[in-house]
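Going down the list, the protein sequences come from chains A and B. Counting in the numbering used here, the first sequence tops out at residue 173, every number present. Counting in the numbering used here, the second sequence tops out at residue 249, every number present.
A portion of the hints provided could be inaccurate.
What the hints assert, rightly or not - List time: in silico SDA-like cross-link candidates among lysine to any residue, alpha-carbon distance up to 20 Å:
1) B:129 to A:94
2) A:91 to A:32
3) A:91 to B:55
4) A:79 to B:249
Claimed, not checked - Quick list of the computed label-pair ranges, beta carbon to beta carbon:
5) B:149 to A:98: 41 to 47 Å
6) A:29 to B:90: 45 to 51 Å
7) B:244 to A:141: 51 to 57 Å
8) B:191 to A:124: 34 to 40 Å
As the list claims (entries may be wrong) - To be clear about the criterion: a stretch of chain A counts as covered by chain B if any three or more of its residues have a C-beta under 8 Å from a C-beta of chain B, and this derived list gives those stretches:
9) 69–79
10) 86–99
11) 145–152
Read the hints as simulated data drawn from the structure, not as lab findings. Backbone N, C-alpha and C fix where the C-beta goes; we use that ideal spot for every residue, glycine too.
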Amino acid sequence: MVITETHTPGIPSQAEWLSVRRLIATSLFQVWDPEIPGISIVDLGMVIDIRENEGQWYIDLAPTYSGCPAIDVIPFLAKAKLDEDGLHDIKVDMIISPPWSTDWISTIGHQKLLDYGIAPPNRRSALMEGSPKQCPQCQSENTVVISPYSSTPCKAAYRCLDCLEPFEYFKCY
Amino acid sequence: MTAKISYLLHLADNPLILGQRLGEWCGHGPVLEQDIALTNIALDLIGQARLLYQYIAGLEDVQSTEDQLSMLRYEHEYRNILLVELPNEDFGHTITRQFYYDAFNLLQYESLTAHPNENVRAIAVKTLKEIKYHYRYSSEWMIRLGDGTEQSHTIMQTAVNQLWRYTGEMFIPASFEIELFAEGYAIDIPSLQAPWKEKVSSVLSQATLTIPPDEPMLTGGKEGRHTEHMGFILTELQYMQRTFPQMQW
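Produce the entire structure from the sequences given, and follow the hints as far as they go.
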């Protein structure tokens, strides 16, 4: 552990720098999106940088939708988790340019969305928000949109025409 | 107050007030999916307003916070257009108000993506993604309801006519906009009127609705002269900040 209560700010050595960066990253992999349990903010593509300037560590987060209610909670959760892991006084910056994109969601992120019953973003149609590849329950490709907005602004409501179950689709952004 | 700050507040006040209006639909939507859709759009709009207020609050000549800017100004200090403060009536009226605004906002934000200020540009690039989606939502409902039953058609035509007189204000520059045209800080909004009318006419004709004839337009919002509805919406919007000053989530 490098950053502790007794840590003296200063320029870290390269080895130190890498190790702190790794510790922060490991910690952030355990910060979940409050709306989608089980998927970390790293897998959602929200963590765009972990950097250091004159002994002060920063994490740069890309907010998702402008109106996402989780926008204030996520930096709070991230700081709490970092504190819990002994990584104190790390600053969180919200960076809107370039804007976050669903293209930044990792492969693991896609799998976790699917495991949670949400069809991951898929740019296969002409529509800007794309359309689900298949129903997350029965894998049928025979699906229909119910509403362009669902429980959160980032998702649309769909129905599977084979198993007849409704499901949510994470729209391309 | 400088022209730039008035302009930025104008950009922020439109989505704030419209977001507040749409939020009033929460729990009152015609069906669950549309209740959720309207409130999700409200969230987007308030989020867009926040990005702008946060930027304005951080400017050197503004000693304020985002909460003070959005919640503690007086009625005449709000620079939103009259259209967005109009009270909700039926679902068709709300969709029409949204459609007129979205068609304008889409053109406005496309222009803002080339803004000389990098912060404004960044906000525009990000929020344009959401605005495109709002526009598609409201235009699809215009068509579905306009070209729906006889009853839905009548309701939509009434709303289209009733709200028409509020659309001109979007393209009539306020004094602060005229001042900022030269340096390219404010968008040349009169130039957006023709493309707006083209967009609106095309959707209205698909919706079998008639575009209203030209009539005198109501203005004043951008200069702080609001309708009688503005005081009521601010009373609700500002209640918490005025009752518990400086309260935070």
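Check your understanding: Any hints this thing doesn't respect? Which numbers, in order?
Key -> The structure breaks none of the hints.
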